[in-house]
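Asks: Listed below are the residues making up each chain.
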Amino acid sequence: MTSSAYVAGQGQAGARSARRLERRRLLFWLLPPVAWFTVFMLIPYGMLLYTSLGHVDDMRFIPGFSFDNFIRVFTVDPYLGVIIKSARIGVMTAILSAIVAYPLAFYIAFHVRSARAKFLLYLLVIVPWWASYLVKAYAWKTILGSGGILNATLQGIGLTDGPVRLFLYNEFSVVLTLTYIFTPFAVLSIYAQLERIPTSLIEAARNLGADGWTIFRRIILPISVPGMVAGAIITFSLAFGDFVAPVLVGGPDSVMISNVVINLLGVAFDWPMAAAIGVVIIALGLLLISASGWLEEKTQTRF
Amino acid sequence: MTTGIELKNLRKMYESHGHAAWAVDGVDMTIGAGKFVTLLGPSGCGKTTTLRMIAGLEIPTSGQILRDGMDITDQPVTDRDMRMVFQDFALFPNMTVEENVAFGLRVRRMKGSISESEIRKRVAQFLDLVHLADHGQKKPHQLSGGQKQRVSLARALVTDPKVVLFDEPLGSLDANLRKIMQIELIRLHRELGKTFIYVTHDQDEAMAMSDAIAVMSGGKVAQFGAPREIYDRPVNRYVASFIGHAHIVDAEVDGRESGELTLRLRNGERVALPHQNTTAGVGSPVGLMLRAEDLTFADQAPGAIGGRIADSLYRGEYIEYVVELHGGAGVVHVHSRTDTPLVRHGASVALKVNPAKAHVLVH
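Quick mapping for you: the protein sequence lines, in order, are chains A and B.
Residue 1 is where the first sequence starts when you use the working numbering, and the numbers rise one by one after that.
Residue 1001 is where the second sequence starts when you use the working numbering, and the numbers rise one by one after that.
Incorrect hints may have been included.
What the hints assert, rightly or not - Cross-link-like lysine-lysine pairs, in silico, BS3-like; alpha carbons within 27 Å at most:
no.: 1; chain 1: B; residue 1: Lys1220; chain 2: B; residue 2: Lys1162
no.: 2; chain 1: B; residue 1: Lys1220; chain 2: A; residue 2: Lys298
no.: 3; chain 1: B; residue 1: Lys1162; chain 2: A; residue 2: Lys298
no.: 4; chain 1: B; residue 1: Lys1194; chain 2: B; residue 2: Lys1121
no.: 5; chain 1: B; residue 1: Lys1138; chain 2: B; residue 2: Lys1121
Quick caveat, the hints were computed from the structure, so don't treat them as lab data.
Nothing here was measured: the structure is a model prediction, and the numbers come from that model.
Using the sequences and the accompanying hints, generate a full structural model.
Replies: Dropping the structure here:
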């Protein structure tokens, strides 16, 4: 009786100290992520929100607690209109990227047999990213411009008499440039999804008498939807927040929301307004990400 | 006339890194219509490649595949009307069980030969056949391994093919489920009367289910015959050791008289065997195949082989003794009934060979 109680008591003491040790260890391992989160997320977002609630008077920031800036985002021209236009450019870029990326991803996933060739093509998709973004945007300027390659070719083969000015400095050239720049992301995410499809699925379908088109429509396409969604989200987000392409290849009317923010910060010195737009965009972004997460989950095929 | 499937000198070469190898190296075989035929062998023996060539998923390097006398070597896979059951099930993960089973029928419906209501009827009928009537609306990932394989079976059978091909279909299931599925497959074969061509590396599975087994090795068929024939009269040491764990003792032909063959073991002991149709002449080296169930302990009697108990293993159904023959002549296993007294480890024993079952291997 006494001896068993003694042993039990000892066991409890041991458990307690082990638990204490565990707690200390947990604290130790939690500290870095919590610190990272605080420094890089909590404080910047807090500052952004704090700034957006104040206002500027005589070039000086006056803290406050006012939603005026947010009301202005939705009521004063051109903010809401620019956000909508940026979103439109983003959506067009996302759709175009998916359309351009799909055949390439499909080709790499199903028609390239050797691992080395696959890697090489994969590399070729990524390689443009080794060149500066600016260089690539400028390249489109020289392609689409009135003295550019496209116009020179068209005139050379006699399709047009003079340079066509429709190619550059409008929404079309912005979308084209952004599509070119961001398509690799769409390729990679669609490819990653297509890679998951085992060859035996395609063999089984052929064995059951299905032709290539049926296999694509009934099996490959439905399984690849989440990859397209993921790719579209990335390309949309990158295009939506872009400010270089509108400046380089965009026209006077193709100002995007990031350009507006830059102007508010650097020219108008209206930091609170810029911050308010930032908060609105982040909120929209969160909405978009949760919606797309839901859509990806909904369309994801479980193997 | 139904002659089934004929393979004529079928060969397949694979090339990798500039180095070519024959995966299948001259397979000749006739698979009768309605038979259950198994291609058996270790991995890399060419059994799966042979099956895939029959299905049309691989193109033979040379040779011919005939079906009911017609050359189908160059017929596209989609036109072959042979359905395959894959080891990884290969169910379409984006479709329900019903949609999976209906897939082959819907493909045909586009060619206008079957109505949607007929499809529904047949799908229900075949899901019932594999005991999955209540699972039609589930997605494949919600099913267990055994259920997935049943769906795969139903999907293959629903289109009423004459030939069903199986590529290690039970390979990823656990032992108990495998036994249940074996019985299920035998039942389906009996009920549907289709030709089943089955690939496995599991000799028990092959023995239990097949009308005929082709034991394969190095891209060739080592022996093709009924399970009993292969078990009792393997043509060479490879087949003998692959099927049923036979032990082979080296010997030499000592004499042959009117059908009776006398062998001399390496330790000088002699074994007399009647009814042996071997071509081996006196003095030539042979292998004596001894299966554990064909050896019994005997009193010191003429014609018995002497040995020493090296190990005993209690197997539940029987006791397995490992017996080292005297003079290093070899090792054999003996199965003994569990109601007999245990023979002591290290004890000297005499073994009597069942003359009807002993088999002499020339190769």
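Asks: All hints are to be evaluated individually against the structure, with a verdict given for each.
Replies: The hints, checked one at a time:
Restraint check for Lys1220(B) and Lys1162(B): the C-alpha separation of about 26 Å stays at or below 27 Å, so the hint holds. Distance check on the hinted pair: Lys1220(B) and Lys298(A) sit about 49 Å apart at the alpha-carbon level, beyond 27 Å; violated. For the suggested pair Lys1162(B) and Lys298(A), the alpha carbons sit about 39 Å apart, so the restraint of at most 27 Å is broken. Of the supplied pair hints, the one linking Lys1194(B) and Lys1121(B) holds, its CA atoms being roughly 21 Å apart against a limit of 27 Å.
A hinted pair counts as satisfied when its Cα atoms are at most 27 Å apart, and Lys1138(B) with Lys1121(B) qualifies at roughly 18 Å.
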